[in-house]
Every structure is written in C-alpha cells, then in structure tokens.
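Undergrad: What follows is each chain in one-letter form.
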Amino acid sequence: MAEAARAKPKPTPETQHFWDGTKAGELRLQRCDACANVYFPPRPFCPSCASRKVSVFKASGKGKLYSYVINHRPAAPGFTPPYAIAVVELDEGPRMMSNIVDCPQTPEALVLDMKLEVAFEKLDDKITLPNFRPAKG
Amino acid sequence: MRRNAVAVVGAAETTELGVIPNMSQIQLHADAALNAIADAGLKLSDIDGFATAVESPQQVCHYLGIKPTWVDGTSVGGCSFMLHVRHAAAAIEAGLCKTVLITHAESGKSMIGKLPRSIPADSLQGQFEAPFGVYGPPSMFPIPVLRFMKTYGVTHEQLASVAVVQREWAAKNPRASMKDPITVADVLNSRMIAYPFRLLQCCLVTDGGGALILTSADRAKDFPRKPVYILGTGESVETPMVSQMETFNSSRAFKVAGPLAFKEAGIAHKDVDHLMIYDAFAHLPLYGLGDLGFMPYEETGKFIADGNTRPGGKLPLNTNGGGLSYMHSGMYGMYALQESVRQMRGIAPAQVNDAKISVCHGVGGMFAASGTIIFTNEK
Ligand SMILES: [Zn+2]
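Going down the list, the sequences are from chains A and B.
Everything in the first sequence is counted per my numbering, starting at 1 for the first residue and increasing by one.
Everything in the second sequence is counted per my numbering, starting at 138 for the first residue and increasing by one.
Mixed in with the good hints there might be a few duds.
Said to hold, decoys possible - Restraint ranges, calculated between C-beta atoms of paired labels, are given here:
#1 B:Gln196 with A:Asp124: 45 to 55 Å
#2 A:Val111 with B:His199: 52 to 62 Å
#3 A:Lys10 with B:Gln196: 24 to 34 Å
#4 A:Lys58 with B:Ser161: 48 to 58 Å
#5 A:Ala75 with B:Pro361: 43 to 53 Å
#6 A:Pro44 with B:Gly430: 58 to 68 Å
#7 B:Gly430 with A:Phe45: 28 to 38 Å
#8 B:Gly403 with A:Leu123: 32 to 42 Å
#9 B:Glu230 with A:Asp91: 46 to 56 Å
The set of hints was computed from the structure by calculation and includes no laboratory data.
For every residue, glycine included, the Cβ atom is placed at its ideal position computed from N, Cα and C.
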C-alpha cells in the first residue's frame with residue numbers, strides 16, 4: 001500500500017526519451033551537437049548555447065556521490081525512514097537526484113565521492129526509476 | 138538605481154507572532170498592512186503601489202480596498218520581499234507610483250486560508266526530484282551541506298553553533314518564539330530531522346506577517362518615523378531544483394545578488410554594522426558570509442563558532458534570533474527586512490549601537506532565488 005503512494009513521474013514530450021530509456025535499462029542523457037555540452041534534465045535544446053541540434057545518447061550509468069541527506073522526518077509517502085536522498089555526479093558531468101540502494105543508509109556507509117552505478121527500479125509498466133548502488137569492483 | 142533615492146517610511150509585523158489560530162492568512166496580510174499604515178501615519182487611500190508574494194496582488198488589494206497604479210506579484214519564495222523592495226524603489230524612481238505597500242503573511246502553523254503548494258507529477262521537479270523521497274524543505278534544503286562541509290572543512294559543531302548564537306540574540310527579543318539558552322551539545326542531541334541536520338538546526342514553523350511602506354526620499358522626511366534609506370539592491374534566481382545547482386560549494390543566486398547590492402551601495406564589507414542572512418537552516422549563514430564576500434568559505438564556520446556574530450561580536454548577525462529562533466512562517470524574508478529597519482531606526486530590542494549600515498540578504502526556495510537589500514539611516 002505504502003509504495004502505491006510514492007510520487008511517480010509523469011513524462012512530458014520533452015522527457016519521454018529519458019523514461020523510455022530507463023524502461024529499456026538505459027540511462028539516457030543529451031549532448032549538444034554544436035558545443036558538445038552534456039546536460040540534464042532533458043530539453044530539446046542546449047541550455048549552454050541554445051542550439052536545437054541535440055542528440056540523445058546512452059550514458060555510462062557510472063558516477064559518484066556528490067552529496068546527500070538521510071531523511072528521518074517527515075518521510076515522503078512510500079518511503080520508510082531513515083532513507084538517503086542523494087545527488088549523484090555522473091561521469092558525463094550532469095548531476096541527478098536519486099536514492100542509493102544495496103547500501104546501509106548511514107553516514108558511515110555513505111561516503112562522499114564513493115563510486116556508484118545505476119540500478120533500475122521498475123515502478124510499473126510505464127515508469128522505471130534510476131537508482132544508484134555502490135559500484136562493484 | 139540611485140543611492141538613497143527611496144526610503145522605508147512604514148514597517149510593522151502582525152500584532153501577534155507565533156501561533157495565531159484566530160486569523161486566516163488574508164487577514165494576517167491586512168493586520169500587518171494596517172499596522173504599517175499606522176506606523177507611517179498614512180491612510181490606505183494614500184497607497185498607489187502594491188506588492189506581495191504567494192497571495193495574488195489582486196486578492197490582497199481587494200481585501201484592503203487599495204486601488205494601485207503599480208503592482209508586483211513576484212513570487213520566488215522567502216526572499217520575494219527583498220525583490221519587491223528593489224522593484225518598488227525602481228518604480229518610485231521611474232514615477233510609476235509614489236507610495237508602495239509590500240505585504241507578507243502566512244498561516245504557516247495554523248494553516249487557515251493557506252494556499253496549497255503541490256508539485257505536479259509532470260513538472261521537472263515532479264519527475265526528477267519528488268520520486269526520490271524529497272518531502273518539504275527539511276529533506277531538500279540541507280542536501281548541499283555535506284559537500285560544503287567536505288570542501289571547506291566545516292564541522293558539525295560549527296554548524297550547531299549557528300543555532301546557539303542565534304538563540305542568544307533571540308533571548309533579547311521579547312517576540313521571539315524560542316528564547317531559552319541552548320548549547321552545541323543540545324543542538325547535536327536534538328532529534329534528527331535530515332542528517333546532518335537536527336531539529337534545532339531547522340527553522341521554526343509559525344504564523345505571522347509583516348508589511349513595509351516605501352516612498353521617495355524627498356517625501357520621506359515628512360513622515361513621523363526616521364527614514365531608512367535604500368542604499369543598494371541585488372537579485373537573482375538559479376534553479377527550483379536543488380539537485381541542479383551549479384555547485385554545492387556556494388549559491389550562484391547569492392553570488393549574483395549580494396555583490397550587486399554592495400556595488401550599487403558603494404560600500405566595503407568593513408562598513409557593514411549589521412547583517413541579516415536568511416537562515417531557514419543552519420548552513421545558510423555560512424553560504425551567505427562566503428557568497429557575499431565577507432570572508433573565505435573556509436573561515437565561515439569558525440567565524441560563527443568563535444562568537445564573532447553573537448551579541449557584542451564584531452559582526453552582529455541575525456539579531457532577532459532568525460528563522461531558527463525568532464519566527465519562520467514559511468517565507469521569512471519579510472522578518473529579516475523588519476529587523477534591518479528596526480536596527481536602522483535604532484529601536485530594535487537587541488539594538489546594535491551606532492549601526493548605520495545594515496545588509497539584509499534573503500533566499501527563496503532551496504537556493505532557488507536571492508535578494509539583497511542594503512539599508513542606511515544616513516543620507
Ligand atoms: Zn550547446
């Protein structure tokens with residue numbers, strides 16, 4: 001029951017490719033064809049140079065832990081506290097908010113700059129979320 | 138903008154602050170407005186310019202019976218009122234209006250007549266932040282602080298001292314919500330909210346409001362209160378998504394707004410007698426001290442922990458007790474402005490002796506927006 005109440009993304013025309021990607025097991029970013037800027041969140045133009053010539057590509061899914069909080073209260077619907085809300089810095093440059101799975105939700109286990117890799121969590125037939133877990137090896 | 142061309146001639150908070158179960162949000166606006174009108178010795182019919190945030194200008198103008206020729210509904214969070222002051226000063230200078238009323242009110246605790254705030258699932262925040270468990274400011278605003286601590290060597294004890302020092306100021310303010318002294322140990326043993334922040338490092342949730350009245354400096358001398366002049370102003374926005382800030386080591390919006398105001402004012406940091414830095418959470422004064430250029434970021438935590446901002450210290454900061462101890466209705470910027478005006482009038486409960494220049498720096502959202510106003514009582 002609790003999981004049903006978790007905030008669920010609703011894709012827009014500009015973000016659909018990202019959510020199609022996570023569903024297919026890919027973390028998709030966008031790169032500007034004019035200035036090579038890699039950016040997130042999705043939009044059909046480059047926020048650095050305003051070019052509309054941009055391409056979607058499959059990112060490595062690797063990154064590192066940039067910062068986080070461990071939320072105790074109030075907990076969001078669908079979450080059991082304490083849980084970490086993290087910002088991951090992707091190897092390609094952009095940062096994104098995520099949760100860290102397969103890892104104790106403690107300051108001792110969550111060390112800034114630790115290497116992470118994407119771990120997809122299917123919420124339903126339409127939405128798969130990009131979580132991250134400590135990188136193997 | 139010309140220095141000292143516009144002045145604050147009326148300033149007041151709501152009659153009560155804290156828990157106000159007998160007033161809706163719109164009436165809190167009116168209560169603050171009527172107090173400010175009385176403070177300025179004006180009638181409502183004298184007001185020809187109006188600004189507010191969250192509530193629409195038409196809502197509050199209709200409720201009060203104001204017929205404005207200039208309105209501003211800029212709503213960028215808690216620093217909206219700093220932006221209103223800046224915009225109002227420009228509008229008065231441009232001749233669009235003569236006497237501007239700015240109101241803020243929020244039934245933040247009692248939630249009477251408060252507009253709902255929700256994040257649509259198809260917004261960028263709804264898609265790329267909300268699904269990961271953010272739920273209100275305590276789960277979002279502190280997200281950058283661990284990175285800031287690592288980069289600059291700031292300690293948990295230093296961040297706890299922010300709350301301790303501000304409680305010392307609050308103890309001198311009869312209207313502050315929390316006045317009992319606290320220690321660093323009390324802060325570090327208080328209930329965990331969102332690691333690394335505990336209860337005493339998070340702002341209060343209260344009811345209240347405030348209002349300001351601005352007019353040209355030429356007219357200001359005919360008012361009953363000592364005019365408080367607008368010496369310099371700045372504003373900016375960055376992003377509504379805390380995860381998308383350019384860096385967690387500083388706030389881009391702070392770094393634009395603050396220096397703009399200093400440049401416009403033509404002052405150096407050593408000229409500042411009194412400082413307000415909007416403290417929704419304990420890390421904000423550190424970001425503010427660094428981003429406004431008072432000192433290197435590495436020194437900000439130690440500067441506060443060493444007592445430099447406490448009563449009697451060399452840089453009095455958040456002298457009403459701040460959002461951590463004075464009050465925080467949700468959009469605290471108006472209360473920071475009120476304290477700066479009190480200090481410049483020389484009537485603050487914790488008055489800084491001989492203060493002539495006050496810097497009032499605000500944040501909106503989670504580092505999403507910023508506004509800085511520099512006041513002086515000398516023309
Ligand atoms: Zn580009």
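Undergrad: Of all the hints given earlier, name the ones this structure violates by number, lowest first.
TA: Going through the list in order, the structure violates hints 1, 6, 8 and respects the others.
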